[in-house]
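Line order of the protein sequences matches chains A and B. Throughout the first sequence, residue numbering follows the UniProt record's numbering, covering 1 to 639 in sequence. Throughout the second sequence, residue numbering follows the UniProt record's numbering, covering 1 to 211 in sequence.
Just so you know, the hints here were simulated from the structure itself, not pulled from any lab data. A couple of the hints might just be wrong.
[Said to hold, decoys possible] BS3-like mimics (lysine-lysine), calculated; alpha carbons at most 27 angstroms apart, straight line:
(1) K374(A) with K103(B)
(2) K499(A) with K522(A)
(3) K123(A) with K197(A)
(4) K190(B) with K605(A)
(5) K184(B) with K605(A)
Now for the letters of each chain:
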Amino acid sequence: MITNKKPRSSDTDSIYMKDDRTEMSEDDDRSPSPNSITHDSRPTRTYTTGSGPGTGPGSSSVPEYLAPCPDQVLENVLENVLLFLTSRKDRNAASLVCRSWYRVEALTRSDLFIGNCYAVSPKRATSRFTRIRSVTLKGRPRFADFNLMPPNWGAHLAPWVSAMALTYPWLEKVHLKRMSVTDDDLALLAESFSGFKELVLVCCDGFGTSGLAIVASRCRQLKVLDLIESEVSDDDVDWISYFPDTGTCLESLIFDCVECPIDFDALERLVANSPSLKKLRLNRHVSMGQLHRLMAQAPRLTHLGTGSFSPSEDVGQGEQGPDYVSAFAACKSIVCLSGFREIIPDYLPAINPVCANLTSLNFSYANVSAEHLKPIISNCHKLQIFWVLDSICDEGLQAVAATCKELRELRVFPFEAREDIEGPVSEVGLQAVSEGCRKLQSILYFCQRMTNAAVVAMSKNCPDLVVFRLCIMGRHRPDHVTGEPMDEGFGAIVMNCKKLTRLAVSGLLTDRAFAYIGKYGKIVRTLSVAFAGDSDMGLKYVLEGCPRLQKLEIRDSPFGDAALLSGLHHYYNMRFLWMSACNLSNQGCQQIAQALPRLVVEVIKHEDNLDMDENVDTLYMYRSLEGPRDDVPRFVSIL
Amino acid sequence: MEVVKETKMGFEETELRLGLPGNSGGGEGEMARKRGFSETVDLKLNLSSKESGADPNNLEKINSLQREKNLLATDPAKPPAKAQVVGWPPVRSFRKNMLAVQKSSTDQEGEKLPGGNATFVKGKMFSSFTIGNCGSHGLKDFLNESKLVDLLNGTDYVPTYEDKDGDWMLVGDVPWDMFAESCKRLRIMKGKEATGLAPRAMEKCKNRSYK
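For reference, chain A alone in the conformation it holds in the complex:
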């Protein structure tokens, strides 16, 4: 059952494990609670006198009165204790203590998280963990989102749902990210799990409205159906009407990414029949008038995605529209607003009544100017999460900085994602945000120009930064004031932000920037690099300097085989490495594959270039217990 040579996750490197073992010993010494020994909460648990290979204080002698042997007692105690462990890190550590702990941990784990669906097979996972209620699976690497990978690469849900249908009848929750899900998979899911409660699909594809219809009609306990940035094909099925007429226990229904029109009457009925509904995010085919009607049906909503936020075409010019302000005023519980997909800015003031309570506001599809934004944002004192388009300009960001003192997360997306334009936001906006929003933890900022000074300022003003992602859209663009590379700015970020775990760099960067990252980025887990660096040294600095690095994605940077080889000591501790359009050769990748047998080394060719020449277009490699996967498309070769 235990393969001794399996690559350890980075969460369980030996130092960490030792500390935990000490803690566990202390737990053992404590006398167990009265219920733990005799109370048997698990119907399948049996008391046996002969114990398996345990390394506890085991004895092979059997007392006369058939009391459970010490091994069993220990395991029972352990089970009751481990039930309380929720953190996967802790659980992974506990499972490495000894076989007994491994077994008990496996029995008590209810949430299965698989960060790379190819790292372990469904069979292996379902054999080890038999009492799972919730599964999270992640598939494709992130750069696939930007068309850097041909379609049909993999990450199919099918084998997983087949295996789970057999072993997890009590499965309640499935969370998927970047997986290929078919309608058949959804059908199997709906049929196999009678108590199924929660389906969350993020950046998934391969299914359509017919699959959704099956889920809607068959999952009678469904509480959560969240479709986030997923691609849903239009099968001409009115899936909303497949929810039961008699009522649902829906608490969350998110379908803002579904591009197909829906039957509004069915939706209105559904909302009226779902008294527990708290989160509702509509797609852009819902007009303001329709939104108004829905809000009347669900005044207790906490999260609202407003759909198009423009009136439908048949509202005449002189007609008195519904009173939107009152509608928002009536929904006193709203803390999260999004949508605004085709916003008519004149209607924006309608949301004023809820601004004071808003903790999360997503304007990232709303092409609004600073003038439109200011009166709204000036009321949002409690705002913690703000997603917005750069159409608000530096001026809009200054307004945000002036009011939103509680801001934790800011994302500024480009209205025009091009390289050759002026761009409405710059270092001015970044500087303002750094000065006004001192509690900032996470930022994603797209811009056309930036300065080191502003980035340095942010590194000093926002010490709580955990995520810093700056995208200067012009490739190789230097500090636009000094003409220098952006090395110093990013250097300051890794140096001053002691909690930083995720970093994305851009602009003109030399190896020096990577030297900084390697020197100071000791807890960085995720690093994204594009069009940066001068030589192999850049990558070497990072691979040698960042012990916590788990996810490294690089494109169009001059790193070659020598750099790749310098990470051999670390690759088993990583979830994946992605390198596209770098200077890698087949030979170099082959060397890695030979040195590390538990690493799957995929070389992905662009579809119009299937000849095996020496240059590697894209390298994607990841640790795995299974070896090469069996669903490899023709444009992938596994070395």
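Please build the complex by placing chain B on the supplied structure of chain A, with the hints as guidance.
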């Protein structure tokens, strides 16, 4: 504002220089050139304008653009490429599509098209595929000029479909009836991906009868 003073220069200096303004192409200029921005900046700069009476905003803007232009040195190793790069900037297709739809529907006066005019559509979103001429059968036929252009990226796309045999064909190459009978799925491919598809259409028409 100090920056503006530094770089104040006559408008006659409009040619691209290597190095920062005020330098004689010294050390820092070298640095900037090392990985110069290989694309030329689109000349909306209009620096040859005789805007002596230009308002301060314009002046500053022109100055800052000039500064930027100076910082962008042409790297002789890389030819200037105006083409946008795949997947850059890293904005997800979904978001790009949504914003493209918004842009195009605001560009069109008064006319609100369902789903926009589909100038950028990814893969399976053919519910918004509204371009087409009507053939004599009264049904929408696909465009003769079968190129779609992504407004954002300037890359061109062609609609293709997979037929019963599993071959990928260019939409519009076979008659409508044959297409409607045999089409299994649609895909919008990049122009360069779709090379070599056209010749098969003739074969298909000859070899099959689809009724």
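Hints, one by one, checked against the model:
no.: 1; hint: K374(A) with K103(B); result: 23 angstroms, holds
no.: 2; hint: K499(A) with K522(A); result: 10 angstroms, holds
no.: 3; hint: K123(A) with K197(A); result: 23 angstroms, holds
no.: 4; hint: K190(B) with K605(A); result: 16 angstroms, holds
no.: 5; hint: K184(B) with K605(A); result: 26 angstroms, holds
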